[in-house]
Amino acid sequence: MPVTDQAPEKILQATVSVWIEQLRSGDDHSAEHLWQRYFKELVRLAERRLPLQARRSFDQEDVALSAFHSLCEGVRGGRFPELSHREDLWSLLVVITARKARAKLRAETAAKRGGSAGPVEVELSNILGTEPTPEFAAELVDESERLLALLDDEDLRSIAIRKLEGYQNKEIAEEMGCALRTIERRLALIRQAWSELEP
Amino acid sequence: MTRERAQRLSLEEERRIDALCERFEAELLGGGAPSLDAYVDEVELPLRPRLREELEALRTEFAVAPPRPDLAGRRLGGYRILQKIGEGGMGTVFEAVQETTRRRVALKVVRSDLSSEKVRRRFEREARLLAHLHHPGIAQIFDAGVDELADPSRPTPFLVMELLRGLPLIQHADEYRLGIRERLELLRRVCGAVQHAHDQGIVHRDLKPANILVVDGSGSEASRTDGANFTQGMPKVLDFGVARVLEREFEASLETQTGQLVGTMAYMSPEQLRGDSAQVDARADVYALGVILYQLLGGRLPHDLTGKNLPSAIDTLRTAEPTPLGRLDHRLRGDVEIIVGKALEKRPEDRYRSAAALANDLQRHLDDVPIEARPPDTVDRVRKFARRNRGLFTGVITAAAALLVSLVVVSVFAWQQACLRESAELARTEADERERVASAVSDFLNDMLRAGDLNDEGVSRDTTLYEVLVRAAEQVDAAFPDHPASRAAVRMALGSSFLSQAEFETAERQFRAALELRRAHYPPGSDEIAQAETGLAQTLQERGRLEDAEPLLRDALQIRRDASARDAASDEARRKATDRLSESLGNLADLLERRGDYAAARQLHEESLPLIRDVHGTESRSYATTLNFLASIHEKLSEYERAEQLYLECLAIRRRVLPAPHAHLANVLNNLGGLYHVTSRTAEAERLHREALEMRLAMFDEDHPHVSSSRAALAALLFRGGRNEEALEEYHRVLAAFTRRLGAEHPDTLTVAVNAGYVLDALGDPGGQRDLVEPAVERFRELFGPDHPTTLWAAGQLARARRGLGELDDAATLYRENLRLARASLGDHQRTATALLDLADTERMLGRNRAAIDLLRESVAMFERLYGEAAYFTVRARYRFARNLFDLGHAMEAREVLRANAAHLTGLGPEADELTERTAELEAELDRQASGSR
Chain A
1 MPVTDQAPEK
11 ILQATVSVWI
21 EQLRSGDDHS
31 AEHLWQRYFK
41 ELVRLAERRL
51 PLQARRSFDQ
61 EDVALSAFHS
71 LCEGVRGGRF
81 PELSHREDLW
91 SLLVVITARK
101 ARAKLRAETA
111 AKRGGSAGPV
121 EVELSNILGT
131 EPTPEFAAEL
141 VDESERLLAL
151 LDDEDLRSIA
161 IRKLEGYQNK
171 EIAEEMGCAL
181 RTIERRLALI
191 RQAWSELEP
Chain B
1 MTRERAQRLS
11 LEEERRIDAL
21 CERFEAELLG
31 GGAPSLDAYV
41 DEVELPLRPR
51 LREELEALRT
61 EFAVAPPRPD
71 LAGRRLGGYR
81 ILQKIGEGGM
91 GTVFEAVQET
101 TRRRVALKVV
111 RSDLSSEKVR
121 RRFEREARLL
131 AHLHHPGIAQ
141 IFDAGVDELA
151 DPSRPTPFLV
161 MELLRGLPLI
171 QHADEYRLGI
181 RERLELLRRV
191 CGAVQHAHDQ
201 GIVHRDLKPA
211 NILVVDGSGS
221 EASRTDGANF
231 TQGMPKVLDF
241 GVARVLEREF
251 EASLETQTGQ
261 LVGTMAYMSP
271 EQLRGDSAQV
281 DARADVYALG
291 VILYQLLGGR
301 LPHDLTGKNL
311 PSAIDTLRTA
321 EPTPLGRLDH
331 RLRGDVEIIV
341 GKALEKRPED
351 RYRSAAALAN
361 DLQRHLDDVP
371 IEARPPDTVD
381 RVRKFARRNR
391 GLFTGVITAA
401 AALLVSLVVV
411 SVFAWQQACL
421 RESAELARTE
431 ADERERVASA
441 VSDFLNDMLR
451 AGDLNDEGVS
461 RDTTLYEVLV
471 RAAEQVDAAF
481 PDHPASRAAV
491 RMALGSSFLS
501 QAEFETAERQ
511 FRAALELRRA
521 HYPPGSDEIA
531 QAETGLAQTL
541 QERGRLEDAE
551 PLLRDALQIR
561 RDASARDAAS
571 DEARRKATDR
581 LSESLGNLAD
591 LLERRGDYAA
601 ARQLHEESLP
611 LIRDVHGTES
621 RSYATTLNFL
631 ASIHEKLSEY
641 ERAEQLYLEC
651 LAIRRRVLPA
661 PHAHLANVLN
671 NLGGLYHVTS
681 RTAEAERLHR
691 EALEMRLAMF
701 DEDHPHVSSS
711 RAALAALLFR
721 GGRNEEALEE
731 YHRVLAAFTR
741 RLGAEHPDTL
751 TVAVNAGYVL
761 DALGDPGGQR
771 DLVEPAVERF
781 RELFGPDHPT
791 TLWAAGQLAR
801 ARRGLGELDD
811 AATLYRENLR
821 LARASLGDHQ
831 RTATALLDLA
841 DTERMLGRNR
851 AAIDLLRESV
861 AMFERLYGEA
871 AYFTVRARYR
881 FARNLFDLGH
891 AMEAREVLRA
901 NAAHLTGLGP
911 EADELTERTA
921 ELEAELDRQA
931 SGSR
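Taken in sequence, the protein lines are chains A and B.
Residue numbering for the first sequence follows our numbering, beginning at 1 and increasing consecutively.
Residue numbering for the second sequence follows our numbering, beginning at 1 and increasing consecutively.
These are computed hints drawn from the structure, not numbers from a lab.
Just to be clear, a hint being listed does not mean it is correct.
[To be verified] No farther apart than 20 Å at their CA atoms in a straight line, the calculated lysine to aspartate or glutamate pairs in the EDC-like style are these:
no., chain 1, residue 1, chain 2, residue 2
1, B, 84, A, 184
2, A, 170, B, 22
3, B, 636, B, 748
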């Protein structure tokens, strides 16, 4: 699409590349800038898609979708993901979605050339450097739905949702009435589940 | 990455470790000191370091900074909370231990506002009563209390119950693959438990599979005392009476998220759904048992609510008959189907009279003894059919018709009494009395009979009602030959009824007769005359005869201005006078708005708003109505933000004060939807329009103008989404309905014709478009005048059709005239901006390029002023500007305009797809030209 390739503002674009530089040198502050800029836009795009799909219904299957709604709610409420933790679930979700999209693209190209598509490595900083597109937002909605459904344990799923909503581990521990260590352990479990079960 | 993963444990192994940690933590939470080694020994060697690391970390955390959960580990009453075991609609359930006895219990922390001492005492008293309920099939409630240690301002109420380990009913039956007989037996036992509570006067009100836990039969003392030899375990009903303790009824839960409701709503009896708590008794639980049995046997709920919104879901539950069970599974034909059918009857009196009676029939079936319920016979079927087809509230209508007759008799009687009095003084008193009665008659009849409009229950148009009205209309004169005042009162009531049923011709006749009678028999300046004038004017207005309606409304307004300027005899009288004045202001404003005199209309509404606020407050129907009117005027003046704000305020008030479905609620949904459509928020628009349409279909027949107007709005959205064939079909349905009900020359019919013309244009049929639009333009000119925005709009469409037919000069003349009128009467306005675009295109086709470019530039600027930089209309105008610039050889300028557009184009969503495509084409052309010239 020719239109989406155009940068809206040159000044912003320049700032973004500075942030990316800082991110590579381990500056978490810049990661937050980048993330917020990217993320606000992403949620805006994703929500545009949602009303059509998530028409209010009594279907139990809609739970996952409404989960995504509540994630967006969290972001609107000013609770942004903790980027001091590089292992944040949102980052993972975005990376998985991007990796999947690129794998598909590579598989198509490879099929045309008759070869096979190698492993796809996607860096978060690279994703954050681009503009989120409506297509990507839609895929992210699907992916979040799929990945949440993948967690067959209710506790794990509520931890994941709370985390995606931007709550701190400590807050989740308090809410669930368990040790902080337990939340950390289960978040690791969720990350492992998402990374491993990813097709 | 692969190396790293090799050192890690597998997901399965991590899960096992997690489960052990959870147990370990539970022990720590319970105050125990579990042995670390014992836990570590439970896993094989490779997992041990990892498990030990976790357990040590947990132990350290508990020693250094024990988790400070909001409840776990805390003491409530004499209980210490161990861990959370579940979350339900009414609260969170924890496993807890009673400190004195060490007994493990389930402790439910209830979400409830107990800040008032009265409510709090009630909670404790009711909960303690529940503790007297003992039955092996009911989860025992031991205790209840209110804790305020944590936060004295927010006391925490809790219930202490028997701790049960088991699966919810349906899950249990599926897990153990129970057969039909075993499932019936299971439910029979649930019935026994429910009956026991009913015997104590306690109704559950929230029975559902999730509230019935089946505990393992082997270890349970209860299952042995029940003498069961089934392996399926013992069902235990949870939360008995809790709904009552918390005073949580359906209405309260409506406030919560719609999604949450489904779990509860599907099991609610029709009387509960009506919010009729006086009618809710043990038979509501029988209904819920029927639903549970249906689901247990048929594998699905009796009513499919998938994808339904709230009003239509409630409607389905209240009116639709479920698919007979035997059709889902032929083994369920006969007895079982009849038993379930009887439990699911809509009317409580048709159901089993008790849970015991249901249990009894289940037992009879299990014992192969004939059951007591009989299959529905022909009479039942006819009755059900009639009920379904005449709506639920036929009773109300019949009652209203009976009242019409009896009240008229009362008023005639009062009149005769008055005539017999000799004393003038007495006659006056009697006359006042008569007037009081007569106006009570018409007020009451208005309220009862304006079905579909004022009736809060959402009564539908009903042939029976219609027939009653027609018969009454025929008999009025014969019934009261000597009593013109009563005759007029009845005519007024009939006129209102016909008007609300959109039977305008008949309504007009009734109002005219009433007005004539009242002018002859009441002194000038009486409000009775103003009322008749208003009724007639509204009818004329509905028939599109604004010029005839206006003098009537002005006269009525004058009568009421005079009346409210006079000293009122009492506060009540002053209130009434103010009320009437604001009503008249609103009526005239409505008419002026329809005529396009928005400024005058706004002024009248603004005059009446404070009057209404003083008399009724802001949380009232009339205040909401004025907001709605005012919003629509702001919308027409292109003041969209203010309009949205007012609509939203109106919607919020109406959602609070009106029961759904309601005509007024549907109306504001429709209006706000229209505003969102205009301002490019199409998804929101579609959602609102669909909600309005469903609400209207639940109240009116297919031909009703309100249904049509919802359809028309949807058609416009479909058209905008490029679904032309569907849109055209929808428009044709609306046109046919409007023509039948409103007449071919009604402004609404004409508007729809012009809208349908757009679709024909898109489908490449300018001839068809012209045939539809031309008569509309002529009629609009007569009705509204040539410079009315609606006339301008229709004329623009006619010009377009002519252009499509190749009649370019005619088209240009029409467009030029349109633009001139629009500039003069509207200034900056969507219609003016559109007229600029239209004329520009035509000028280009005629080869007048420079003029075209100037017009386009002006239109882009106007769209920016009206809607902002990023709106769809603005973006579209900019694209057209760019396209023309390019076509006329101004490539550089075209590229600049496109660049300004690019950022906004991406933000518009799917509706801009075509625009995006065309932009891409244009860019490609620009690129080709650039490389070609290099």
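Against the structure, the hints come out as follows:
Distance restraint check for residue 84/B and residue 184/A: the Cα-Cα separation of roughly 18 Å lies within the 20 Å cut-off, and the hinted pair is therefore satisfied. A C-alpha spacing of about 17 Å is found between residue 170/A and residue 22/B, which places the hinted pair at or below 20 Å, so the restraint holds. Our distance criterion of 20 Å between C-alpha atoms is met by residue 636/B and residue 748/B, whose separation comes to about 16 Å.
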